[in-house]
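Asks: Here is how the chains run, residue by residue.
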Amino acid sequence: MLILAIDTTTSVCSVALAKDDRLLGEISTDLPRTHSQRLMPMVETLFAETATKPEDLDLLAVTRGPGSFTGLRIGIATVKGMGLALDLPVAGVSTLQVLAHNFSQGLVCPVLNARLDQVYTALYRSGTGPVPENIIPEHPASVEDLLAELREYKEPIWFCGDGVDLVYPAAVQVLTTLVRAPFHLNRPRAAALADLARQAPTCSADALTPLYLRDSQAEIQLRQREKNEA
Amino acid sequence: MARILAIETSCDETAVAIVAEGKLLSNQVASQIDIHARFGGVVPEIASRQHLLTLNPLIRKALASCQLGWPDIDALAVTNGPGLVGALLVGVSTAKALAWALNKPLLAVNHMAGHIYANMLAGPVEFPLVCLVVSGGHTELIYMERDMEFTTLGQTRDDAAGEAFDKIARFMGLPYPGGPVLDKLAYQGSPVLEFPRTMLEEGSLDFSFSGLKTAVMNHVHNCRQKDLPLNTADIAASFQRAVVDVLVEKTAMAIERTKPASLLMAGGVAANSHLRRGMKELAQEKGLSFRVPPPALCTDNAAMIGAAAWPLYKAGRKAPSSLNALPNLGLS
Ligand SMILES: [Zn+2]
Numbered sequence: 001m002l003i004l005a006i007d008t009t010t011s012v013c014s015v016a017l018a019k020d021d022r023l024l025g026e027i028s029t030d031l032p033r034t035h036s037q038r039l040m041p042m043v044e045t046l047f048a049e050t051a052t053k054p055e056d057l058d059l060l061a062v063t064r065g066p067g068s069f070t071g072l073r074i075g076i077a078t079v080k081g082m083g084l085a086l087d088l089p090v091a092g093v094s095t096l097q098v099l100a101h102n103f104s105q106g107l108v109c110p111v112l113n114a115r116l117d118q119v120y121t122a123l124y125r126s127g128t129g130p131v132p133e134n135i136i137p138e139h140p141a142s143v144e145d146l147l148a149e150l151r152e153y154k155e156p157i158w159f160c161g162d163g164v165d166l167v168y169p170a171a172v173q174v175l176t177t178l179v180r181a182p183f184h185l186n187r188p189r190a191a192a193l194a195d196l197a198r199q200a201p202t203c204s205a206d207a208l209t210p211l212y213l214r215d216s217q218a219e220i221q222l223r224q225r226e227k228n229e230a
Numbered sequence: 001m002a003r004i005l006a007i008e009t010s011c012d013e014t015a016v017a018i019v020a021e022g023k024l025l026s027n028q029v030a031s032q033i034d035i036h037a038r039f040g041g042v043v044p045e046i047a048s049r050q051h052l053l054t055l056n057p058l059i060r061k062a063l064a065s066c067q068l069g070w071p072d073i074d075a076l077a078v079t080n081g082p083g084l085v086g087a088l089l090v091g092v093s094t095a096k097a098l099a100w101a102l103n104k105p106l107l108a109v110n111h112m113a114g115h116i117y118a119n120m121l122a123g124p125v126e127f128p129l130v131c132l133v134v135s136g137g138h139t140e141l142i143y144m145e146r147d148m149e150f151t152t153l154g155q156t157r158d159d160a161a162g163e164a165f166d167k168i169a170r171f172m173g174l175p176y177p178g179g180p181v182l183d184k185l186a187y188q189g190s191p192v193l194e195f196p197r198t199m200l201e202e203g204s205l206d207f208s209f210s211g212l213k214t215a216v217m218n219h220v221h222n223c224r225q226k227d228l229p230l231n232t233a234d235i236a237a238s239f240q241r242a243v244v245d246v247l248v249e250k251t252a253m254a255i256e257r258t259k260p261a262s263l264l265m266a267g268g269v270a271a272n273s274h275l276r277r278g279m280k281e282l283a284q285e286k287g288l289s290f291r292v293p294p295p296a297l298c299t300d301n302a303a304m305i306g307a308a309a310w311p312l313y314k315a316g317r318k319a320p321s322s323l324n325a326l327p328n329l330g331l332s
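Which chain is which? The protein sequence lines are A and B, in order. Under my numbering, the first residue of the first sequence is numbered 1, with each subsequent residue one higher. Under my numbering, the first residue of the second sequence is numbered 1, with each subsequent residue one higher.
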């Protein structure tokens with residue numbers, strides 16, 4: 001089974017190609033320039049280096065969020081287009097679970113900068129099975145609320161993701177044991193996504209939906225206005 | 001017979017079309033007007049979200065509507081600007097993925113070129129030509145010596161004509177979207193009110209509609225304050241007459257200056273019936289052939305993108321896989 005995995009939900013742009021239980025190749029960058037310019041040339045390089053053709057693929061995998069709204073749409077639209085052209089199933093996986101899969105053991109708390117003084121977060125336990133076990137579901141939270149949720153856990157917690165800088169200074173004050181991920185484990189990797197996709201449920205390219213975890217600002221403001229008027 | 005599948009997602013219409021050598025085979029538009037009506041205008045983030053959900057099924061529908069499959073498609077075309085960047089990116093990412101997976105050429109089309117080329121779906125036109133492009137975001141006089149070569153003769157310095165229509169309509173409390181409503185309302189009134197026609201400095205082919213917009217708003221405001229009855233039909237007719245007068249007069253100047261063989265009009269506001277009549281009369285008076293797309297092809301659609309992609313395909317002007325969405329992409 002040949003899997004192409006794509007992640008563009010954060011500042012990282014990552015693509016990986018896996019065949020059965022072997023990672024054939026992975027390219028990851030964490031650079032400013034937009035994913036729109038970078039993604040397809042990276043896919044082309046990966047396929048050229050591994051002498052693979054699009055028709056050889058069996059499954060497409062993508063991080064469906066949370067993350068940057070524009071970023072996750074670039075990845076999902078790309079995978080939807082590929083799935084439509086090649087008639088392939090798609091596995092959409094949570095960005096936070098992909099981050100947690102960087103660790104083989106223990107509690108993992110991935111945090112992504114959600115702006116508006118919030119992070120997108122969840123809690124996983126790695127090492128109990130082939131995929132990280134979800135303990136607290138994905139949700140947006142303030143740093144304060146997140147730390148309140150984590151206080152009851154008395155074992156070491158790995159922190160990873162682009163929101164670590166927001167959480168860590170306050171977390172050190174409150175939590176007894178916490179570990180900050182080194183940089184090679186601190187960002188989503190398409191290789192981890194490809195591995196998770198092997199055991200994830202799949203759907204058609206058309207049915208794949210993003211995981212925003214937050215409505216648009218206009219929606220939030222309109223609801224607020226309607227509530228005030230009522 | 002080269003067939004191009006074209007995608008357009010620059011604003012609030014998700015659109016897909018199949019065009020065979022400049023001839024329209026399928027034209028699918030999924031409008032988001034109802035979704036944005038609650039907000040009184042297009043919300044970029046909501047438009048982007050909607051494009052992502054709508055585009056794949058719409059592509060399938062376009063193929064199915066003319067019993068075609070992927071082997072029958074020779075190239076992919078997509079709008080890569082100008083427009084809302086997040087909305088554009090959905091179409092651009094999808095088109096690039098399709099082109100890569102199918103190993104077919106990708107063609108990048110300027111949205112404004114698309115509007116102009118909607119005219120070419122009715123058959124070839126005679127060059128050189130002058131085209132008045134009027135929409136919610138643009139008011140431009142374009143000169144074309146030959147295929148895909150654009151010179152901007154004049155453009156708006158403030159509001160686009162369509163923008164002025166929308167703002168006035170909203171100010172008068174008309175339902176969204178305001179342009180078509182105002183057009184209809186104008187038929188029930190007479191242009192009895194004197195609103196300014198801004199011509200700018202001598203010889204300029206640029207436009208300015210902010211003065212007119214302010215004058216109409218002041219008039220409405222005065223009537224409301226003095227408790228006078230507000231004759232919305234007369235206001236609509238007078239405002240519209242002023243806009244049409246300016247557009248026609250500037251176009252006449254552009255014709256004098258460039259001596260074209262034909263006159264074209266394009267863009268969402270080109271669906272306005274009063275403007276269509278004014279421009280047709282101008283072409284007759286100057287002895288030029290006149291072309292304007294049917295109203296359904298004046299507003300945003302992908303048929304026009306497929307039409308503008310055809311000369312690019314013929315010339316082998318393929319876009320790279322690093323193609324980006326460019327919100328401020330210019331014509332010339
Ligand atoms: Zn347009």
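Simulated from the structure, these hints should not be mistaken for lab results. Among these hints, one or two may not hold up.
[What the hints assert, rightly or not] If you want the ones that stay clear, here's a sample from chain B, every Cβ over 10 Å from chain A, calculated:
1. E45
2. R60
3. N324
[What the hints assert, rightly or not] In silico DSBU-like links for lysine-lysine, alpha-carbon gap of 30 Å or less:
4. K227(A) x K104(B)
5. K53(A) x K226(B)
6. K61(B) x K226(B)
7. K259(B) x K53(A)
8. K167(B) x K226(B)
9. K286(B) x K259(B)
10. K53(A) x K318(B)
11. K53(A) x K314(B)
12. K19(A) x K259(B)
Given the structure is predicted, the values throughout are model-derived calculations rather than measurements. Every residue gets a Cβ at the ideal spot worked out from N, C-alpha and C, and that includes glycine.
Asks: Does each hint fit the structure? Answer for all of them.
Replies: To see whether the hints hold, each was checked on the structure:
The beta carbon of E45(B) sits about 4 Å from the closest Cβ of chain A, which is not more than 10 Å, so the claim that it is off the interface is violated. R60(B), annotated as away from the interface, has a beta carbon of chain A within 10 Å; the closest lies near 7 Å. Its beta-carbon lying about 5 Å from the closest one in chain A, N324(B) breaks the requirement of being farther than 10 Å from that chain. With a C-alpha separation of about 51 Å, the suggested pair K227(A) and K104(B) falls outside the 30 Å cut-off, and the hint is violated.
For the given pair, K53(A) sits about 74 Å from K226(B) by alpha-carbon distance, which is inconsistent with the 30 Å threshold. Between K61(B) and K226(B) the alpha-carbon distance is near 55 Å, which puts this suggested pair outside the 30 Å criterion. Between the alpha carbons of K259(B) and K53(A) the distance comes to roughly 53 Å, so the proposed pair goes past 30 Å and is violated. With a C-alpha separation of about 22 Å, the suggested pairing of K167(B) with K226(B) holds against the 30 Å cut-off.
This hinted pair checks out: K286(B) and K259(B) have alpha carbons roughly 10 Å apart, not beyond 30 Å. Distance hint between K53(A) and K318(B) is fulfilled; the C-alpha atoms sit about 21 Å from each other, no more than 30 Å. Of the pairs offered as hints, the one joining K53(A) and K314(B) holds, with about 27 Å between alpha carbons and a cut-off of 30 Å not exceeded. Between K19(A) and K259(B) the CA atoms are separated by roughly 64 Å; this puts the pair beyond 30 Å, and the hint is violated.
The structure fails to meet hints 1, 2, 3, 4, 5, 6, 7 and 12 from the earlier list, while all remaining hints are met.
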